[in-house]
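Kindly produce the complete structure, drawing on both the sequences and the hints.
From first to last, the protein sequence lines stand for chains A and X. Under my numbering, the first residue of the first sequence carries the number 137, and numbering increases by one thereafter. Under my numbering, the first residue of the second sequence carries the number 137, and numbering increases by one thereafter.
Treat the hints with care, as some may be off.
Since the list gives no way to pick out one identical chain from another, each pair is judged satisfied if it fits inside one copy or across any two copies.
Quick list of in silico lysine-lysine cross-link-like pairs, DSSO-like style, CA-CA up to 30 angstroms [said to hold, decoys possible]:
hint	residue 1	residue 2
1	Lys138	Lys166
2	Lys301	Lys191
3	Lys138	Lys268
4	Lys192	Lys138
5	Lys224	Lys156
6	Lys224	Lys196
7	Lys156	Lys301
Calculated directly from the structure, the hints in this document are not laboratory data. Keep in mind that this is a model prediction, so the values were computed, not measured.
If you want the building blocks of each chain, they are given just below.
There are 2 protein chains.
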Amino acid sequence: MKMDAIDCIMTRRSIRKYDKKEVSKDIINKILAAAMMAPSAHDQRPWRFLVITDKKLLEKAANVYKYHGMVKDAAFAILACGDPSVEKQEGFWIQDCSAATQNLLLASHSLGLGSVWTGVFPRTDRVDAFRKLFSIPQPIIPFALIPFGYPAETRQKEDRYDETKVHWNTW
Amino acid sequence: MKMDAIDCIMTRRSIRKYDKKEVSKDIINKILAAAMMAPSAHDQRPWRFLVITDKKLLEKAANVYKYHGMVKDAAFAILACGDPSVEKQEGFWIQDCSAATQNLLLASHSLGLGSVWTGVFPRTDRVDAFRKLFSIPQPIIPFALIPFGYPAETRQKEDRYDETKVHWNTW
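Rendered as structure tokens:
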């Protein structure tokens, strides 16, 4: 399955309804490999990924807070986490983990899956809840929860270009 | 020009040496459109983009601090900025701008350009310097500076997959 990179970026939408079809481990590994190709400050790669395929754990993750409900129907989910202890310059791990998460979304879309980025960090209530649920040790920080599955909804391409957000040479 | 999305993600490398060839406005607009297709918390799209094509301004931007030197040779650069004032939930603008920046890098790579993400926020010295140089008003925050150009260096594909960073169902 091939999808042009620009088409992939332009047609990716948040998908919150998933088919019951399973996703192969080969596809999950491709998506993880894509995440790890993100750039990072000083190439420190401060990310970690908890892959959740167990149905009972998906249900527990779905109950952490109300906007994560779709997680229970996902084929799998990834809890992207950060490890600030490897940083050479403080504070960039959030950007590095975000770039990795965007790669997760794009790679999964190009492979025919749907996914959605649900925010965890910097909401301390959510960080604490996921830390407790999955026994995630310090200094690792739960960052974002991304459920994946073959889409059971179709969403139209959207044009988000907004020229008022672009400045040329002067503000 | 077409490039498979997975290939794009897996072969993108940071490119710091640029050819003198100009980049068309059509390509710059395609890259900006890709950035604006990033997901964002509550779909608030808290990003702004200052596109720098003026050679004198590129030189000034290159002198802000030592790791930005390659900016003077870029065909153009984009100073990605954030607008935290539009947020419904505090603190997610950094993730949103990071996702947009990753789209900038991937889109440019797929269109034959090289680029590199150079960090600005949260380093207050750099934020202040770019704010002053381009008269960027509050509450906008200079976030990252990305120079672009046709590559004058080739970098090999790298395998960054690290299975020690992946956990399956339990930490």
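Broken hints, by number = Failing hints, ascending: 3, 4 and 5.
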